[in-house]
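From first to last, the protein sequence lines are chains X and S.
For what it's worth, our numbering labels the leading residue of the first sequence as 1, then goes sequentially.
For what it's worth, our numbering labels the leading residue of the second sequence as 195, then goes sequentially.
I should point out that these hints are in silico values taken from the structure, not numbers from a laboratory.
Don't take every hint at face value.
Said to hold, decoys possible - Some chain X residues judged to face chain S by a derived CB distance under 7 Å, without partners named:
1) L37
2) A38
3) P41
4) A50
5) L57
6) T88
7) G157
Beta carbons are placed, not taken as given, at the ideal position from N, Cα and C, and that holds for glycine.
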Amino acid sequence: MASNMTTVEALQVLIDQRRDKQIVITNQGSSREWPKLAEHPLDFHFLPSAMGAAIPLGLGLALAKPDYEVIVISGDGSLLMNMGTLATVTASSASNLSIILLDSGVYAVTGCQRNAGSSGNVDYAGLARATGFENVSHFTDESSWRNGLSDLLTSAGPRFVWLNVTAEHHTLPLGKLAPIEQRLTEFQSALGDS
Amino acid sequence: MFTGSEITEILSELGITDVVWLPDSEMGKWESSLESADELRLIRVCREGEAWAVAAGLLLGGQTPVVMIQTTGLFESSDSMRNVLFDLHLPIFAIVGARSWLMPDSNDSAKTFTEPFLKSWQIDYRLIEAVEQKPMLANHFRHCQEKNQPGLVLIAESSI
Chain X
1 MASNMTTVEA
11 LQVLIDQRRD
21 KQIVITNQGS
31 SREWPKLAEH
41 PLDFHFLPSA
51 MGAAIPLGLG
61 LALAKPDYEV
71 IVISGDGSLL
81 MNMGTLATVT
91 ASSASNLSII
101 LLDSGVYAVT
111 GCQRNAGSSG
121 NVDYAGLARA
131 TGFENVSHFT
141 DESSWRNGLS
151 DLLTSAGPRF
161 VWLNVTAEHH
171 TLPLGKLAPI
181 EQRLTEFQSA
191 LGDS
Chain S
195 MFTGSEITEI
205 LSELGITDVV
215 WLPDSEMGKW
225 ESSLESADEL
235 RLIRVCREGE
245 AWAVAAGLLL
255 GGQTPVVMIQ
265 TTGLFESSDS
275 MRNVLFDLHL
285 PIFAIVGARS
295 WLMPDSNDSA
305 KTFTEPFLKS
315 WQIDYRLIEA
325 VEQKPMLANH
335 FRHCQEKNQP
345 GLVLIAESSI
């Protein structure tokens with residue numbers, strides 16, 4: 001589906017409306033762009049990662065930390081690789097989890113090769129509903145996403161948000177990220193402190 | 195090998211909070227015991243690669259999970275396991291049903307590749323293939339906890 005919202009614009013909406021006790025897990029394309037835009041102790045940039053693993057990792061955190069809100073930003077290529085994870089989420093008791101799907105139709109990290117959902121053949125909102133999500137939203141432009149986010153996060157979870165974004169090649173945030181061991185220690189410390 | 199109540203009791207004594215599982219036909223018999231244990235949470239995944247990532251999130255959040263899958267699922271999940279154990283260096287413990295292990299004439303490739311797989315990944319594992327070896331489960335878990343390292347116990351099975 002055509003969109004003129006960039007990944008950076010989509011992420012900036014989340015950054016602008018960030019709340020207390022909100023864990024944000026970025027992955028793949030978003031983990032390359034978010035660190036260039038913002039820094040927060042409760043950010044976890046899942047880099048290096050295993051493709052498709054961000055949502056289950058976020059689920060584990062949401063179950064472990066029910067007093068926090070966990071937001072997982074996933075790409076469409078990652079979700080296509082691990083669609084069953086949506087059923088895993090709804091089968092769990094986690095209501096403090098939001099999945100933000102950035103759908104560009106391409107593998108944004110490897111150079112924008114088209115993925116299997118690139119021709120608009122996958123209805124991600126329908127997929128989420130079919131796997132048990134009751135709170136499902138779809139935004140195709142930055143303005144409606146910005147206006148919709150606030151209400152969305154106050155409604156019952158788990159939540160699934162499908163954002164159409166432009167196809168862009170995302171490069172590593174060189175110099176922006178500490179080694180993973182240090183980031184994990186700092187993240188766990190922030191979880192303990194906040 | 196283990197009954198459901200035995201496993202539940204052992205996991206509870208070890209302080210395990212969550213079992214992230216995709217069972218096989220032998221571990222599946224433990225479901226009602228695991229499900230009914232007040233101190234354990236049973237988390238069902240759709241594919242084994244998810245199990246390592248869910249366990250990673252639980253561990254980062256301060257819980258003590260175990261991954262419980264079959265050898266076939268271990269093979270399937272290796273990229274996720276690689277990331278969690280070797281990129282993130284999280285000391286996650288797994289209990290893995292060793293398919294066909296107690297079938298001496300089996301040419302099941304899942305049996306053939308189990309130990310070479312674990313050795314190549316440099317996973318510190320123990321194999322429980324007889325009743326008298328049951329204490330090895332708790333002992334190896336404690337060993338891995340003390341070393342703050344990942345670990346795995348293979349439980350020999352007589353079915354596929």
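Okay, the hints, checked on the actual structure:
Here the hint on L37 (chain X) is broken, as its CB sits about 23 Å from the closest CB of chain S, past 7 Å. The restraint placing A38 (chain X) at the interface with chain S is violated, with a minimum CB-CB distance near 20 Å, outside the 7 Å limit. The beta carbon of P41 (chain X) comes no nearer than 14 Å to any beta carbon in chain S, farther than 7 Å, and the hint placing it at the interface is violated. Against a cut-off of 7 Å between C-beta atoms, the interface hint on A50 (chain X) holds, since the closest Cβ of chain S lies about 4 Å away.
Hint status for L57 (chain X): holds, given a least beta-carbon distance of 4 Å to chain S, under 7 Å. Among the interface hints, the one on T88 (chain X) holds; its C-beta lies about 5 Å from the nearest C-beta in chain S, closer than the 7 Å criterion. Against a cut-off of 7 Å between C-beta atoms, the interface hint on G157 (chain X) is violated, since the closest Cβ of chain S lies about 16 Å away.
Checked against the numbered hints given earlier, the structure breaks hints 1, 2, 3 and 7 and satisfies all the rest.
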